[in-house]
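S.K.: Using the sequences plus the hints, can you model the full thing?
Top line first, the protein sequences correspond to chains V and R. Residues in the first sequence are numbered from 1 upward in steps of one, following our numbering. Residues in the second sequence are numbered from 1 upward in steps of one, following our numbering.
Derived by calculation from the structure, the hints in this document are not laboratory data. Treat the hints with care, as some may be off.
With a straight-line cut-off of 25 Å between C-alpha atoms, the simulated DSS-like cross-links for lysine-lysine are [to be verified]:
no.	chain 1	residue 1	chain 2	residue 2
1	R	K132	R	K230
2	V	K128	V	K170
3	V	K117	V	K195
4	V	K170	V	K194
5	V	K117	R	K230
6	R	K230	V	K123
Quick list of the computed label-pair ranges, beta carbon to beta carbon [as the list claims (entries may be wrong)]:
no.	chain 1	residue 1	chain 2	residue 2	range
7	V	G62	R	A133	31 to 39 Å
8	R	L29	V	S16	52 to 60 Å
9	R	G221	V	Q142	25 to 33 Å
10	R	A50	V	D90	54 to 62 Å
11	R	Y323	V	S235	56 to 64 Å
12	V	T72	R	Y323	37 to 45 Å
13	V	Q199	R	K134	35 to 43 Å
14	R	P136	V	N12	38 to 46 Å
15	V	D90	R	P136	20 to 28 Å
16	V	A180	R	G221	22 to 30 Å
17	R	K132	V	G153	32 to 40 Å
18	R	K134	V	K195	40 to 48 Å
19	V	T145	R	I135	48 to 56 Å
20	V	G43	R	V196	47 to 55 Å
Note that CB positions come from ideal geometry on N, CA and C, so glycine has one too.
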Amino acid sequence: MVSEQPLLEARNIVKSFGRVQALTGANFTVYPGEVVALVGDNGAGKSTLVKTLVGVHPADSGEILFEGEPVTIHTPQQARAIGIETVYQDLALAAEIDPAANMFLGREIMRAGPLGKLGFLDKAEMRKRSEDAFNHLGVRIQDTTAPVANMSGGQRQGIAISRAVTWASKVVFMDEPTAALGVVQTRNVLEQIKKVREQGLAIVLISHNLPEIFEVADRIEVLRLGERVARLRPSDVSMEDVVSAMTGASSFHEEDDR
Amino acid sequence: MSEPTAPAEERPPSTLQRIASGSSTQIGLILVALIVVFSLLSFESFFAIANARNIATDAAVLLVLAVGATYIIITAGIDLSVGAVLVFSGVVAAKAMNGLGGESLGVILVGLVVSLAAGLAWGLFNGFLVAKAKIPAFIVTLGSLGMALGGAYLITGGVDEREVPFKLVANFGIGRVAGIPYLVLVALAVAIVLGVVLAQTRFGRYTYAIGSNEEAVRRSGVNVDRHLIKVYALAGLLSGLAGFMNLARFGTTTIGGHATDNLNAIAAVVIGGTSLFGGIGTVLGTVFGVFIPAVLQNGFVIVGVQAFWQQVAVGGVLIAAVYLDQLRRSRQRQ
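M.R.: What follows is the structure in structure tokens.
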């Protein structure tokens, strides 16, 4: 795995908001088909780093390599075009429309023939494909014609994950997918993450929850004060080691790659 | 693969339950109830064809405005300028037809095109300022209300344009097919076409989605600004059409007669179950919402209640409609 080419690699990413420097030269690496956890204390720059990689906030400077080639990711569309999808922390669902409409938002399937040319939607097809995607990930939605507003937090998370997984061809970013969920629903999301890995997609999991990370992650990258300070394997370290890397109590300093 | 984790209350509602809870159905039932009550009280006069025709013609122009307002309110916007744009469009259309002179169909068609173009231009103006300059729709359309109405006064010197081609009034304005006035047919056609567009097309889907979560729609790659401009342009175009229908009906520009059209249109939309917070609404509900005030007005006259009570009753219905919408939302957001 060490010799494998990274799928996505960020080098020396700098991003400031006004006078606040959120990322001070951060590195980050994702390998194909792995679950990598991005951890760090509040304010370490996790969400900012993710937003630079998925095109919500373009970086001020630094380099992003995708499958070894330099790429420009300045909009979410550019990220999507190379196979990157995001499950945002706020989920980015439109609550008044139904799950299938959210799944296909911006990518609607039109009816065949002249009606499609006039802009008519093929609602049945979109509903069927959405239900397939939900079943595949084990997301239980009894009434796929009801607005998302009627659904539970776990169901909404499931819809957002299904959407990202359906459209991603390489990597899915998940920003704190379990933060707002109860015990059972969190279990469901972890099961969903494992299923996505089985499909061969890479997952970047941003989380605070170390037991959760130790359960599903293949690797951990630790961010502190806007830069990467450690790259760990859950099999080699304890949770205490991760905490000390996050807080700076110990330095694994592994900068400038292996 | 594991036991069901969803609690029982997440079971889907039956189709019947869903229909019963749909607000456009509720408001339709209220409309039917009103019609039944008034016809029981005075069957002959309420159901007389002339009366039904009156109600429908009164409602036709307002319905065209209200269909545009439905789209705008579903995007969580507002358009206060519709009445003023109606007047402006009618004025420039009347000026154009009188400038050409004569009674030919060609002249009347020029009038129609001018009226539609004027309305469309105001709609684009509103949409551009709302979507690109990010000025609140309330302020933008309040401004364009003043500008369009002031413009109409400037063009006419403050005096209504009383001359329009006679054929326009005689044929289109009071003409009818199979007993149904042309104006009503035009309004119904507008409602049906735009009702289907809203419910079945991508244009309608984006309208709902933007009103529901604009940021989510942006992140999904949809050009939100362009869609908003189109929605305001559509409302402007419909105001232009309404301006032409108004000319045909009255044969004069009625500059002073549309000060509350905007509020009547918004009231009809909201009574019809469209949410002022965006994301929810139907054109069918708006059709019901337009006819409730019209039926109340006529019904009160016929049964001998002072017609002023209609305004009181419509005000009450409006407040109740918004209250019900808020109740529904707070139930959902628990």
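S.K.: Evaluate each hint against the coordinates.
M.R.: Tested hints:
no. : hint                          : result
1   : K132(R) - K230(R)             : 12 Å, holds
2   : K128(V) - K170(V)             : 24 Å, holds
3   : K117(V) - K195(V)             : 37 Å, violated
4   : K170(V) - K194(V)             : 15 Å, holds
5   : K117(V) - K230(R)             : 18 Å, holds
6   : K230(R) - K123(V)             : 23 Å, holds
7   : G62(V) - A133(R): 31 to 39 Å  : 33 Å, holds
8   : L29(R) - S16(V): 52 to 60 Å   : 59 Å, holds
9   : G221(R) - Q142(V): 25 to 33 Å : 30 Å, holds
10  : A50(R) - D90(V): 54 to 62 Å   : 57 Å, holds
11  : Y323(R) - S235(V): 56 to 64 Å : 59 Å, holds
12  : T72(V) - Y323(R): 37 to 45 Å  : 51 Å, violated
13  : Q199(V) - K134(R): 35 to 43 Å : 41 Å, holds
14  : P136(R) - N12(V): 38 to 46 Å  : 42 Å, holds
15  : D90(V) - P136(R): 20 to 28 Å  : 23 Å, holds
16  : A180(V) - G221(R): 22 to 30 Å : 25 Å, holds
17  : K132(R) - G153(V): 32 to 40 Å : 36 Å, holds
18  : K134(R) - K195(V): 40 to 48 Å : 42 Å, holds
19  : T145(V) - I135(R): 48 to 56 Å : 37 Å, violated
20  : G43(V) - V196(R): 47 to 55 Å  : 51 Å, holds
In summary, the numbered hints that this structure violates are 3, 12, 19.
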